[in-house]
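Using the hints provided, position chain B relative to the given structure of chain A.
In order, the protein sequences belong to chains A and B. Residue numbering for the first sequence follows the working numbering, starting at 3 and increasing by one per position. Residue numbering for the second sequence follows the working numbering, starting at 3 and increasing by one per position.
Mixed in with the good hints there might be a few duds.
Which copy is meant is left open, because identical chains are indistinguishable; a pair holds if it fits in one copy or across any two.
[To be verified] Below, a list of computed lysine to aspartate or glutamate pairs in the EDC-like style, where the Cα atoms sit at most 16 Å apart: (1) 92 - 62; (2) 294 - 263; (3) 294 - 159; (4) 319 - 361; (5) 214 - 278; (6) 214 - 229; (7) 137 - 315.
By construction, these hints were calculated from the structure, which means they are not laboratory data.
Number of protein chains: 2
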Amino acid sequence: MSAMKVGVIGIGNMGRSHALQLDKGLIDGATLTAVCGRKDQIEWVKNNMTGEVQCFEDEEAFFNESRIEAVIIATPHYSHPELAIKAFAKGINVLLEKPAGVYTKNVLEMNEAAASSGKVFGMMYNQRTNPLYQKLRELIQSGELGEIKRTNWIVTDWYRSQSYYDSSRWRATWKGEGGGVLLNQAPHQLDLWQWTTGLMPKRVHAFSRYGKYHDIEVEDDVTAYVEYENGATGVFIASTGEAPGTNRFEIVGDRGKMVIENEELTFYRLTQSEREFNASYTGGFGEPECWKIDIPVKGENSGHRGIIQNWTDAIVKGTPLLAPGEEGIKGLEMTNAIYLSSWLNQTIEWPIDADLYYEKLQEKINQSTIEKKNGSNMT
Amino acid sequence: MSAMKVGVIGIGNMGRSHALQLDKGLIDGATLTAVCGRKDQIEWVKNNMTGEVQCFEDEEAFFNESRIEAVIIATPHYSHPELAIKAFAKGINVLLEKPAGVYTKNVLEMNEAAASSGKVFGMMYNQRTNPLYQKLRELIQSGELGEIKRTNWIVTDWYRSQSYYDSSRWRATWKGEGGGVLLNQAPHQLDLWQWTTGLMPKRVHAFSRYGKYHDIEVEDDVTAYVEYENGATGVFIASTGEAPGTNRFEIVGDRGKMVIENEELTFYRLTQSEREFNASYTGGFGEPECWKIDIPVKGENSGHRGIIQNWTDAIVKGTPLLAPGEEGIKGLEMTNAIYLSSWLNQTIEWPIDADLYYEKLQEKINQSTIEKKNGSNMT
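Next up, chain A with everything else stripped away, as it sits in the complex (with noise of 0.2 Å):
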């Protein structure tokens, strides 16, 4: 069987490392056929890659004459659900750097776009390639941990200084990314959040910080607080401007607590549900027995060439996707949802209004002031 045909478009960092996974034959069943970018980027792909492969600065033209079976997406944010629609519509594979988009009201269309394509659709989720997320998942969604109570996620660990953000004029704007730490640099913990849990939150009260640490217009500091449909509560923080910082996720159930740190996984659990403790027990002070348990982690982490290789396994032999790309709207939904609040200064609930997040996102397109110094670009 011949290798499956891939394009990449937006020969970026990301796009880069995509390409040269595919040049280098590191993904089994596809093989890099063509690129689209810019000019210093088809250069790039002229000095870097080892195959022959097709060269476009025009993506009608890349989509339209490339004959490629299957596209990677690496392009800036916005672009996302536009190239990804063109792509379905030419009846090619998609597979979607994160974030899905900038805004909901367009992923919508791209996930419907997606599924009357029949194609396969991937996210760039290539943290659910970590053992450590798997493991954690696998033991919530059996029922290891119990009903859960309380989710928390400190991760400040995303430090940026003032020279990256200077690095390119669209950085760190309303309208060139369209976010900050929540859009650029949380959206794998964004997603990991509800796809270890299985649980979506009901409403979000937040409080973001615009420029607190850089000299930029979107936010850098973050602290959303949530409430899910059980009842279970739920704090979400983020910054790019701590040193060290903190990447730390905390999950408590019925059956004990569950924290990932410092790559490690520990489970504290209860030789008994807590709800049944609480129910049953006379004794006063007191509380069940608790086992602090190191859960060993195996397996490769195998990253963004995992997400690529199970990408082009789904498509080749039908191989279940480890990261949908329908479910890239929840993490961006969450993102969506922090932001309003915090521009709101309102608690927002599910279902969050697509179409009065874009008007709000539009206002603030609009209102920027921003002036950046001319820099080289880094993705």
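Same frame as chain A, now just chain B:
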């Protein structure tokens, strides 16, 4: 020099413990000469004290006739300010069990009475004797951590079962205790949160759940978000419904991060100020060098005995108080602000409106419909 004559009023769990320390001669320079309590409590004193102790059931007689020089007040919360004011009026030094009171209106009056009496006024903030928090405070106050950016305290290890709440009719009612986990279990952490950092919030937005895990009318689960004058943010999470709980206090500053968890203090120390790094670094990705340091913590956690001794020494020798009584209002203001924010579903700014809080608390008391099984008195 003869030992200072000390009385104890309120001979529940805590009062018994304090009376025993004095009676057993564990406090240098002080001795127990009088107690005041209910009939059954007096019975307990007669059966358990070895020294000569006058017993009173009437508080007026206790204050007027006992000739005590100093009193430890360990009665139910609501009575704290009133009894302290009576003691100061008689020229008696006071050590007050936490919390300072239930609402700040009369705690302010108590603080005024203390000041005009010139007597020594201490709070039973026994966790201030913990060398861990003393060391943390010392490091922060000395500037090791730099300007604080964020605080985060998850203190959910105050597990209580339904049988605990059922043990007394007044427990966990607005009328009987005036609050839940914040007022009864977490006052120590609310004190240490501001005592160690030296920061009081400027505003708070809080989310309290009432009787979430228990058949009670007060809160047993709270998440509070705060902002400080310098722009720092903070989160405080407390619950009596989680097993096993977490007790993790994280403080992030310009020069790194300190974490207290599992009775250990870890300092993640930057070799350079983050703000300086941010301003001068030109490399795009990158962050300041960080050293993980296990801070040695030495000294005795003398607890209640340490506080009683320090208060005795303050009266007898003029030793500075570790926990001045006037500082009790700080933790209580946070409690009141958190309740008010939750009740009104809005952000509450400092200074807290003491009259509004008092009024809203009366509403809660008047709306109470709780009917409790008759239980024994556990305090």
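Here is how each hint holds up against the structure:
no., hint, result
1, 92 - 62, "within (11 Å within a copy, 90 Å between copies)"
2, 294 - 263, "both (15 Å within a copy, 15 Å between copies)"
3, 294 - 159, "between (26 Å within a copy, 15 Å between copies)"
4, 319 - 361, "neither (42 Å within a copy, 68 Å between copies)"
5, 214 - 278, "between (46 Å within a copy, 15 Å between copies)"
6, 214 - 229, "between (26 Å within a copy, 13 Å between copies)"
7, 137 - 315, "neither (22 Å within a copy, 56 Å between copies)"
Against the hints set out earlier in the document, violations occur for numbers 4 and 7.
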